[in-house]
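Trainee: Listed here are the chains, written in short residue letters.
Protein chains: 2
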Amino acid sequence: MKAEIISTGTELLLGEITDTDASYLASQLPLLGIDLYWISQVGDNQARVVEVLQRAWQRSELILTSGGLGPTEDDLTREAIAEMLGEKLEMEPSLESGLRKRFARLGMEMPLSNLRQATIIPSAKPINNARGTAPGWWVEKDGRILVALPGPPRELQEMWQKEVQPRLRQRSTAIILSKTFKTFSLGEAAVGELVSSLLFSANPTLAVYAKADGIHLRLTTKAESQKQAERMIAEGEVSIRAVLGEYIWGADNDTLEAAVGHLLTKKGLSLAIMEDYSGGYLAASFADIPNSPTFFKGGLVTYSDAARVGFGVNAEVISQYGAVSPEVAQAMAEAVRTLLRADIGIGITGIEETPARPVGTVYIGIADDKTSRVISRPPGKQRVTTAALFELREVLIALD
Amino acid sequence: MKAEIISTGTELLLGEITDTDASYLASQLPLLGIDLYWISQVGDNQARVVEVLQRAWQRSELILTSGGLGPTEDDLTREAIAEMLGEKLEMEPSLESGLRKRFARLGMEMPLSNLRQATIIPSAKPINNARGTAPGWWVEKDGRILVALPGPPRELQEMWQKEVQPRLRQRSTAIILSKTFKTFSLGEAAVGELVSSLLFSANPTLAVYAKADGIHLRLTTKAESQKQAERMIAEGEVSIRAVLGEYIWGADNDTLEAAVGHLLTKKGLSLAIMEDYSGGYLAASFADIPNSPTFFKGGLVTYSDAARVGFGVNAEVISQYGAVSPEVAQAMAEAVRTLLRADIGIGITGIEETPARPVGTVYIGIADDKTSRVISRPPGKQRVTTAALFELREVLIALD
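Heads up: the sequence lines are chains Y and P, in that order. Counting from 1 along the first sequence, just add 224 to a position and that's the residue number in the working numbering. Counting from 1 along the second sequence, just add 224 to a position and that's the residue number in the working numbering.
Chain Y on its own, in the form it takes in the complex:
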């Protein structure tokens, strides 16, 4: 089934909001084996909405619209669908009484403008909206399906999950399954060349993306059954791991901090962090991992030499080498490790580029009970956090 998404709303074209409705619906369609070919955003202008709907009606079998079902004059989706299909809007008594009951329940008088939400065309069936006043529409005509959904994300997602997805699932015959592999230390082109023999297959397909935490590969397969799809993904994974195995640090929703947390837990090791330059970014990256209290002994954000010395960094090391130095990064790692009785300590110190100092540098020190190492990186708080996590991961893998 060839699908298309149309989002309406002038606020999208002014860049005031990002179209998360479209990305939500797009992420849902593969689970039903439905291929999405086009997404478009169009403003609250009836002629332009009709034009986009007409093109969609010609080229797609399933059209999902979001937005434009509200009660005000700039909510035009109902009118545009009616015009595109050459049908007339009529008041639907059951929708009208439903709206009146809803307002009565809230003890409010219904503004007259809400009556627009009770109009519908003959070939559309209303879809219940559990979270708002705008009913959706399910239109089936000429072998095509058009589903009009409300714009507010929580209304749209609830209507999708409860009403639309179950109906579409009944008609779907294919399964689309994906798996993402996350690599580090290679560039996009290098990864692309290593897997070039796999890149041109039509099913499964393999795509390469550059992300903040390294290069990702996405393997996608289309099959007639879940079982067959899983087998194809497993076979593809063997081929990918054969060439990239040592560079892969995670899959799908794995995050680098969760992967590091998993390694720490598995090895029964604990961690402590003292940050200057990154100001709490590294500590905060562990905050969303549910079991982080079991391995994360604590983090210190220290912007002053006094605070560093107060937490056990040798004042002489600071005065001899300067606060931004490999020696101080190492001393911070060792001090926080000792202070918080952790197995591994990380110390980060650094300085931004400024017009007066064109090259900034950040030092990341990692210490355990036997050794310590320091790496340097260019500034950038998020990048430095990622670099520290990758380095910690290497230290943990090497430890045995």
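These are computed hints drawn from the structure, not numbers from a lab. Accuracy of the hints is not assured; some may be wrong.
Said to hold, decoys possible - Examples of chain P residues toward chain Y, derived with CB under 10 angstroms:
| id | residue |
| --- | --- |
| 1 | Met-225 |
| 2 | Asp-268 |
| 3 | Ala-508 |
Stated by the list, open to error - In silico lysine to aspartate or glutamate, DMTMM-like type, Cα no more than 20 angstroms apart, as pairs:
| id | chain 1 | residue 1 | chain 2 | residue 2 |
| --- | --- | --- | --- | --- |
| 4 | P | Lys-446 | Y | Glu-387 |
| 5 | Y | Lys-226 | P | Glu-240 |
| 6 | Y | Lys-403 | P | Asp-476 |
| 7 | P | Lys-435 | Y | Glu-235 |
| 8 | Y | Lys-403 | P | Glu-240 |
| 9 | Y | Lys-435 | P | Glu-412 |
| 10 | P | Lys-386 | Y | Glu-364 |
| 11 | P | Lys-403 | Y | Glu-235 |
| 12 | P | Lys-226 | Y | Glu-235 |
| 13 | P | Lys-435 | Y | Glu-240 |
| 14 | Y | Lys-226 | Y | Asp-366 |
| 15 | Y | Lys-349 | Y | Glu-364 |
| 16 | Y | Lys-435 | P | Asp-298 |
| 17 | P | Lys-226 | Y | Asp-259 |
| 18 | Y | Lys-435 | P | Glu-240 |
Claimed, not checked - Listed below are several chain P residues computed to face chain Y (Cβ distance under 8 angstroms; list not exhaustive):
| id | residue |
| --- | --- |
| 19 | Leu-237 |
| 20 | Ile-241 |
| 21 | Thr-244 |
| 22 | Ala-250 |
| 23 | Trp-262 |
| 24 | Ala-271 |
| 25 | Arg-272 |
| 26 | Thr-296 |
| 27 | Pro-377 |
| 28 | Gly-469 |
| 29 | Trp-473 |
| 30 | Ala-475 |
| 31 | Asn-477 |
| 32 | Lys-521 |
| 33 | Thr-562 |
None of the values given here were measured: they were computed from a predicted structure. Here a beta-carbon is modelled for each residue, glycine too, at the ideal position from N, C-alpha and C.
Following the hints, complete the assembly by docking chain P onto the known chain Y.
Mentor: Frame of chain Y; chain P shown alone:
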């Protein structure tokens, strides 16, 4: 000037990423007085990209594309533009040598596939990419402008700011100027009612948005000169401040943490933080403020009672009231204030909702040398961070 945005990338159609490039560009165009009519997303399929480009070339005067300029086989924007315009891709020696130099500087060998990024068509001029290997394209032909931008947001935004926006500004005759006012403690409907007399003006326009850090109002004006636009904005600001002045905490790019940092600096006060629940989020929120070392004495992330006690929290308070209690939040605030010799201390302790414990709670304690106060909030790390900043702001304003 009638503009259109086309974003390419199969990951957009699989819902793996949301198209923030389109919303960024959409938010920039009004500043140049350029009207945006269409946005579309299309997958990495040359025929479909060409079809979308052809339609854009017919109906729009300015076309902005994002994505598809990478080095791999699924980066098709160059090929698609060439096909749409009936031109041939040729190797551009200056681009090739630039790429080779870039890789040499990094001490890496250039993969052959990167050479694709050195190809261009005769009617395109390359646009420098300060943050990546993919040059952009500036195409001018038949009275139309097409600008091809790289997909990674930091590359796209830098190229837009440094290269594209200045060139477009030269051609623009209208000025659109906006100012955003950020309020707190009022709901969207209440703000809307207070400014209702201003809401229906055609120029300037006023729009109301609910955001994570409160309700924002955006005042936008279109004028023939910068001076005229500035005067209209200044007049509108007077009207807005007349009704909302006491609720406005910032404007435009002001962040709550910068506003708080400004108040701390102005009053000559310093801050220290001990976080359990929020795990470094609050400390990290100050990391991007350039002068934070002058007022931020340090942050501690403590997940264990032992760590809290080690930093000066009274063990008896923890055992008597439990780690998640107003008393412990207050004790943490007072302990970190004393330990790091700060004027104001903040302590945050809390617990998430779980199936077994349906109501989570977070306590935020704020202490100075005379008094302390504790507020409670529902869980949510970002929301708790915002609540702590608003509360600190109130404390600072009340202090004199």
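Trainee: For every hint, state whether the structure bears it out.
Mentor: These are the hints, each one checked on the structure:
1. Met-225: violated (14 angstroms)
2. Asp-268: holds (7 angstroms)
3. Ala-508: With a minimum Cβ separation of about 4 angstroms from chain Y (threshold 10 angstroms), the hint on Ala-508 (chain P) holds.
4. P:Lys-446 to Y:Glu-387: The hint is violated at about 44 angstroms.
5. Y:Lys-226 to P:Glu-240: holds (19 angstroms)
6. Y:Lys-403 to P:Asp-476: The hint is violated at about 41 angstroms.
7. P:Lys-435 to Y:Glu-235: holds (14 angstroms)
8. Y:Lys-403 to P:Glu-240: holds (12 angstroms)
9. Y:Lys-435 to P:Glu-412: violated (36 angstroms)
10. P:Lys-386 to Y:Glu-364: Measuring from Cα to Cα gives roughly 49 angstroms; hence the hint is violated.
11. P:Lys-403 to Y:Glu-235: holds (16 angstroms)
12. P:Lys-226 to Y:Glu-235: Since the Cα atoms of Lys-226 (chain P) and Glu-235 (chain Y) sit roughly 17 angstroms apart, the hinted pair holds (cutoff 20 angstroms).
13. P:Lys-435 to Y:Glu-240: holds (11 angstroms)
14. Y:Lys-226 to Y:Asp-366: Holds, at about 15 angstroms.
15. Y:Lys-349 to Y:Glu-364: holds (9 angstroms)
16. Y:Lys-435 to P:Asp-298: holds (16 angstroms)
17. P:Lys-226 to Y:Asp-259: Status violated; Cα separation ~31 angstroms.
18. Y:Lys-435 to P:Glu-240: Status holds; Cα separation ~12 angstroms.
19. Leu-237: Nearest chain Y Cβ about 5 angstroms off; hint holds.
20. Ile-241: holds (7 angstroms)
21. Thr-244: holds (6 angstroms)
22. Ala-250: Since chain Y brings a Cβ to about 3 angstroms from Ala-250 (chain P), closer than 8 angstroms, the hint holds.
23. Trp-262: Holds, because the Cβ-Cβ distance from Trp-262 (chain P) to chain Y comes to roughly 6 angstroms (cut-off 8 angstroms).
24. Ala-271: The hint is violated - Ala-271 (chain P) has no Cβ within 8 angstroms of chain Y, the shortest such distance being about 11 angstroms.
25. Arg-272: holds (7 angstroms)
26. Thr-296: Since the shortest Cβ distance to chain Y is 4 angstroms, the answer is holds.
27. Pro-377: violated (10 angstroms)
28. Gly-469: violated (24 angstroms)
29. Trp-473: violated (20 angstroms)
30. Ala-475: violated (17 angstroms)
31. Asn-477: violated (15 angstroms)
32. Lys-521: holds (7 angstroms)
33. Thr-562: violated (12 angstroms)
When each numbered hint is compared with the structure, violations occur for hints 1, 4, 6, 9, 10, 17, 24, 27, 28, 29, 30, 31 and 33.
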